[in-house]
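Read off the chains here:
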Amino acid sequence: MRDLGRIRPRIAVLATLATLLAGAAACGGDGDKKDDAAGGPVTLTVDVFGEFGYDQLYKQYEASHPGVTIKQRKVSTLDDYKPRIQQWIATGSGAGDVVALEEGILATYMQQKSKFLNLFDYGGKALESNFLPWKWQMGVTADGKQLVGLGTDIGPLGMCYRKDLFAKAGLPTDRDEVSKLWPTWDAFFQTGQKFQAKESKTKWLDGPSAILRTTVLQESGKGAGYSYFDKNNNLVFDTNPAIKTAFDTSLKFEQAKLTGDMQIFTPPWQTALKRDTFATVPCPSWMLGGISEFSGDYGKGKWDVASVPGGSGYWGGSWLAVPKQTKHPKEAAELAKFLTSPQGQVGAFKDKDTFPSSTVAEKDPAVTGATSAYFNNAPTGKIFGDMAAQVKPVYLGPKNEDVRQAVENVLIAVGQGKIPADQAWAKAVDAAKKAAR
Amino acid sequence: MALDLHPARDGAPPTAKPPSPKGRGARRRLARLDLKAAPYLFISPFYLVFLIFGGFPLVYTLWVSLHTWGLSSGERTFTGWDNYSYLLGDGEFWHAVVNTIGIFAVSTVPQLLLALMVAGALDRKMRGATLMRIGMVAPLITSTAAVAIVFTQLFDKDFGFVNWAIGGLGFDHIAWQESRGWSWVAISTMVDWRWTGYNALIYLAAMQAIPRDLYEAAAIDGASRLRQFWQITVPLLRPTIIFTIIVSTIGGLQLFTEPVLFGSGSANRMDGGALHQFQTITMYMYDNAFTDDRYGYGAAVAWALFLLIIVFSLVNFAFVRRTGGTK
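Protein chains in written order, with full-length UniProt numbering: chain L, 1 to 437; chain A, 1 to 327.
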């Protein structure tokens, strides 16, 4: 940005040239359009973030649909993905033919349903019985007339832990015994203190963000069924008891300096995985994909999955939608249907442990009997399947992500010693109000 | 004696044939038009391009800033000056302004002083002068992102080189990202690494235009090198110094890439740290417009930034002129 002031005229010239070139390219592109009309080769772009586990599925689909080529554009964090899709949808160009909408941003785009295809027009109705009822419902507009998104995965919770580091700290390492260590978050906290006393170089948790999200969704699921916003999108941050409980739980870990003050999937977090910087991380099923991706060979066999403290819950999960700006609505809708079909969800689970939202796929032996070699052969199918059956859906408002980020910042500042713990709640309320403005 | 290349002018100048009365008026008008309009026509490409890429966005941004406008939610309501009245009382905005000015001050003052000294050194006769001078701009042609990523790693709290060196000297590690003051220092280092050479080259060019006899005269009078530098070089460089200060102001107030990449540890890199300790105005603008879905308010921040830059440039200009005058 700094350069702009200095070399603006040059940039202007470049921009002019670029426009001219784009014009030329557009002329060259006419040939492709004719091909499409005749059912010729089609290239479909899929926009995702994090790990969706679709690589094998694309190959399968390309093989069974000659003439279709699939291109994936992947961004590692959701927070980087958000502004991109926002610009694509607002300007009406640039979006892929199929886009992933995470639960945190789905509510925002439900307000702009006219920018997306109604998948009911592409045979969506028949698919309803495939899905968990609440997952299906969230993808449908309030009036029930438009199907915006088809569910991909849900994120039933577990707790990932470093088996080798637990052994060093004298804690049990077997996953059933480990699960027994922490029926509640209090017990998890005490175990953390024991660990921290023996292993001072490794933090107990990665940071406040994962635990905050986990507890907010757990508590909200047990309580009113909504978190920062009620179902009319009013901010209820300071009145929803679920939020206060979750915040206090997370705050305790920050206060005791049991976390590394990191946020998931960021570069320092990725580095930390290879440097033994933290020993546990709350693990929705899709987190397994992230851990194995970023720790690579280094982490193989070092991690395992136990049950999560504090009862049932889920975190994350996405939908696939087709923006209206696509040039190939029919083909794109077909692809979205394929990727979210039971078969597609089983495939994605096998690849990156994204747990299916399809009830059919959840019963598939490939899912129920699944184990993860990377995670010491943990029976991921059983751990997450048991959890998925108990999941209670939580409503998230359109500004949910903004509030979440603001509150996470307050917790991190407590960990850094910049905000005294007794002022944290007041600061968080204040930050949430500003973010929800 | 020099050779005179001017054409000989013996006798009366040749007389032009009087044009035929018909069409005489039209041609004269055309000639006058040519005289008056041609210069404007010749410089018009810049202004046309500026109108399209500078003027239009400026006006359009103003228009956007008068709305509650969300790119994601699709909302668009005219709200007049509401965004601006909120902006005046918006603590986070002023926090970002303080950050920006702080980083600007911490980076620009040492940067220009250092550039002046480097230019003074390069102005002397030395071996491989061209190579040295080209070397000065090498940081400028590396991509800002690459610079920022490397420096962010150098300034890493736990595994960074800088803290390793500081620890080696027996001092405590510095939490570069967490502390407001230190984060400004770290970001300023990136900015200076990149721009010092550029400013040095500009100073060098101006120095070489200073007549050498001034130095010779001063040397005969017994002035030391240092005295020559402060009493001849610096005063004669004043217009150049004003130029670099204004350009640095414009650049410094728009600082974006370095602090964004320095904050790569936050999930939302536009935050500039958990307490927004190094969030600059441009980051706050981006955060509002694109992350928080307040496009209209982001546009208002953009306009506030535009006005701030104008004010700052004028203040700088007045200040430097008062302390010595431009020639």
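No lab work stands behind these hints, which were simulated from the structure alone. The C-beta atom is built at its ideal place from N, Cα and C for all residues, glycine as well. Be careful, since some hints might not be right.
What the hints assert, rightly or not - Partial selection, computed: residues in chain L whose CB lies under 10 Å from chain A:
hint : residue
1    : D79
2    : T91
3    : T108
4    : K115
5    : S209
6    : K252
7    : K257
8    : T266
9    : P268
10   : T271
11   : N409
12   : G417
13   : V429
14   : K433
Stated by the list, open to error - Subject to a maximum C-alpha distance of 27 Å in a straight line, what follows is the list of computed BS3-like cross-link-like pairs (lysine-lysine):
hint : chain 1 : residue 1 : chain 2 : residue 2
15   : A       : K157      : L       : K252
16   : L       : K244      : L       : K231
17   : A       : K125      : L       : K302
18   : L       : K198      : A       : K157
Claimed, not checked - Non-contacting residues of chain L with respect to chain A, defined by C-beta distances greater than 12 Å in every case (computed):
hint : residue
19   : Q86
20   : K145
21   : K194
22   : S312
23   : N376
24   : A413
Do the hints match the structure? See the list:
| no. | hint | in the structure |
| --- | --- | --- |
| 1 | D79 | holds, 5 Å |
| 2 | T91 | holds, 8 Å |
| 3 | T108 | holds, 5 Å |
| 4 | K115 | holds, 8 Å |
| 5 | S209 | holds, 7 Å |
| 6 | K252 | violated, 18 Å |
| 7 | K257 | violated, 13 Å |
| 8 | T266 | holds, 6 Å |
| 9 | P268 | holds, 4 Å |
| 10 | T271 | holds, 8 Å |
| 11 | N409 | holds, 4 Å |
| 12 | G417 | holds, 8 Å |
| 13 | V429 | violated, 15 Å |
| 14 | K433 | violated, 12 Å |
| 15 | A:K157 - L:K252 | holds, 23 Å |
| 16 | L:K244 - L:K231 | holds, 18 Å |
| 17 | A:K125 - L:K302 | violated, 62 Å |
| 18 | L:K198 - A:K157 | holds, 23 Å |
| 19 | Q86 | violated, 5 Å |
| 20 | K145 | holds, 18 Å |
| 21 | K194 | holds, 23 Å |
| 22 | S312 | holds, 25 Å |
| 23 | N376 | holds, 28 Å |
| 24 | A413 | violated, 4 Å |
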